[in-house]
Amino acid sequence: MRDKDGKRRHIIGMLVENKTGVLARIAGLIASKGYNIESLSVGETLDPTVSRMTLVVRGDDWVIEQAVKQLNRLIDVIKVSDLTDEDLVERELILIRVNAEPTFRAEVLRIADIFRAKVVDVTPMTYTLELTGDEDKLDAFVELLKPYGIQEVVRTGKVVMVRGSKAVTKRYQEKLKQAAGKEMIVVAQQEEGNGQDLLR
Amino acid sequence: MKLTGSEILLRCLVEEGATTVFGHPGGAILHTYDVLPEHPIRHILCRHEQAAAHAAEGYYKASGKVGTVMVTSGPGACNTITGLTDALMDSMAIVVFSGQVPTAVMGCDAFQEADVVGTTRACTKHNYVVMKTEDIPRIVKEAYYISRSGRPGPVLVDLPKDILMGKAEFKGYPQEVNIRGYKPTLNGHIGQIRKAADLIAQAKRPIIYGGGGIIHSDAHQELQELVEITKTPITLTLMGLGAFPTDHPLWLGMLGMHGTYTANMGMIHCDVMIAVGSRFDDRVTGKLSEFGKQCKIIHIDIDPTSIRKNVKVDVPIVGDVKHVLAQLNQELRKVERDWAKEFEEWHAEIEEWKRRHPLRYDQKDGAIKPQYAIETIIRATEDKDPIISTGVGQHQMWAAQYYRSRRPRRWLTSGGLGTMGYGFPAAMGAQAAFPKDLVLCIDGDGSFQMTMQELAACVQYNLPVKVFIINNRYLGMVRQWQELFYGKNYSEVDLAVHPDFVKLAEAYGATGFRVERPEEMKAVVEKVVSTPGPVVVDVVVDREENCFPMIPAGAAIRDIIDVGDPIPEKLFQGIR
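In the order they appear, the protein sequences are chains A and B. All residue numbers for the first sequence refer to this note's numbering, where the first residue is 1 and numbers rise by one. All residue numbers for the second sequence refer to this note's numbering, where the first residue is 1001 and numbers rise by one.
With the rest of the complex left out, here is chain A:
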């Protein structure tokens, strides 16, 4: 979905070196474009020296294309892809502490049931609920709970995986093997996603 000024939300997937200072380089680069990182999640991959980063940024396509190329240029970044237009499985986790006074305690629980949320903490006046899902589901859940009084919300930021049978790291390792010993040949413009398929 685009704003009036043509900006839209981009999901950028990255494989990066798992060491100090890498996040600062990436954050610095995005900041230099004047863009705000809406969400960010980082975690180790099967290879403990490599981290997987998923970044959500709102911006226009052309600037994001530049940012992706510049991220790619960072020495500590192994691979970057703009996954926005890919067929993705996306998930986010939310924790909500919501008012649960005796008069509507059951109602809150019913809403949690409908969304298959879990109650992870209980006090006489509150419930803390845990829910996983895509962004729309989480937003709807928050909306429905608002009338009861939400005390606190914590969201993890998005993690995504491209649909399909082949694993990212496996494909990446195969590609590395091919590239070893010879220079990789890449077309700049990546017209048909050329060079972007590593993260699929």
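I should point out that these hints are in silico values taken from the structure, not numbers from a laboratory. Hints may be right or wrong, so weigh each one.
[Said to hold, decoys possible] Just some of the chain B residues that point at chain A, by a computed CB distance under 8 Å:
{"hint": "1", "residue": "His1126"}
{"hint": "2", "residue": "Thr1305"}
{"hint": "3", "residue": "Lys1503"}
All C-beta atoms in this analysis are idealised placements derived from N, C-alpha and C, irrespective of residue type, glycine included.
Position chain B against the provided structure of chain A, taking the given hints into account.
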């Protein structure tokens, strides 16, 4: 064998061939300086760390070998930032080793501490902080590799004191580098190259617009071949000067804001533009919305981020210019076409521009015209194949306009960042690389005073740089802009107080000359060239000469103001 971090570092430098180091010692790096004399390394003690970084840039540009800088923590490292940024903008391969406070007190506001890795993240191609003594060899190897390969750039290695003092087993300098996140593309995509060749084969009015990338990849021969095969006229950017002989009939002169009329007209009347190792800087394109609309654009560059950054191109080719041009030439040799005949009309049009709009100035009796001074310096030394560096400002643009050369790596100037004070230390660095060559610095009076303290280093190490100060007692280019765009409001540009540059040179133990009359100019240049040791010449010139042609900032190329053209009032009001 166990060695200290300092010994390992210096051994690695020797192995790397980095035997000339520009630097300045201080507390955090003292341990390394303590063992420096035991190693076959020539250290040049610069008087300011900024100058050390510029000297390393000059050393790199002239020799093609990565320049090396060694400084202490905090202020030492911070002083290199201008040089690092300059090197990043102009793709200069330098490696800076900075001392750092011991790891135990990092982040505690220790004496002479600065977060150097954090501060230089935005002005280096890559940087490191070494946290284990045994990592030094790998990091040094990677630093030099990253600096010189791909699109060259500056790399900084921060070395905490305890890491330099600590001991580790030295297993030798690594032979190979493997950085999985860094694999520069060398060869161009053959499909794209064929597309480019097809486009050129159908062109009626092609132009080559070359940049510094040609020099960095040593592709000048391939470039000449391209010109010879296709008879395509060629212009170069400020950074590309030297990549093509300036006496060739297809040479159009430099392009851009102060480029020749012919080169700029070529850019807006061509039907195919072949951009080679250049990056569509705003000083070249003028108003972006009117740039390159009439033509198809081929863009060859090693850095994918340069492509489509400012200008949408039709055929992008990512790769090393030398490789790509060789591939392209191979394709173009197969084309059966009488290029010279096909381009007859185009060549004639260009000749007409050249004839009607040459670079010119009017040297009457009286004050020396700066253009005359610069042209005389260049012509009178041409047969000695000098290395020429410049500061930044009017004198730089005139030097670029009148520059004559048949080979690359003899022209040093600060393009992207426009760093005043670059010229003199850069000349010093080039002289350190080529002690026997004639090295000239054509400088401004403003620029020279930013780094003139290096006269001491030049005298101390017998680096016989010849400096010509084109002295108009103004910050000339700023004054020109104030004249044209700010209603002659000469706010803070009058350099009313100067040192006596002749006495200054003598005070440092160098030789000084002054020239005030045009008829003396040639004789003085000849005298300077035959004077041993560093020389400073105070060339007193006409104060208010303006540099033309000029494309006002933000204007389109077609709005170029040639020498002698009236100044269009309206245009300037819009820009202001």
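| query | Which hint numbers does the structure go against, in order from smallest to largest? | reply | Per hint list: single violation, 3.
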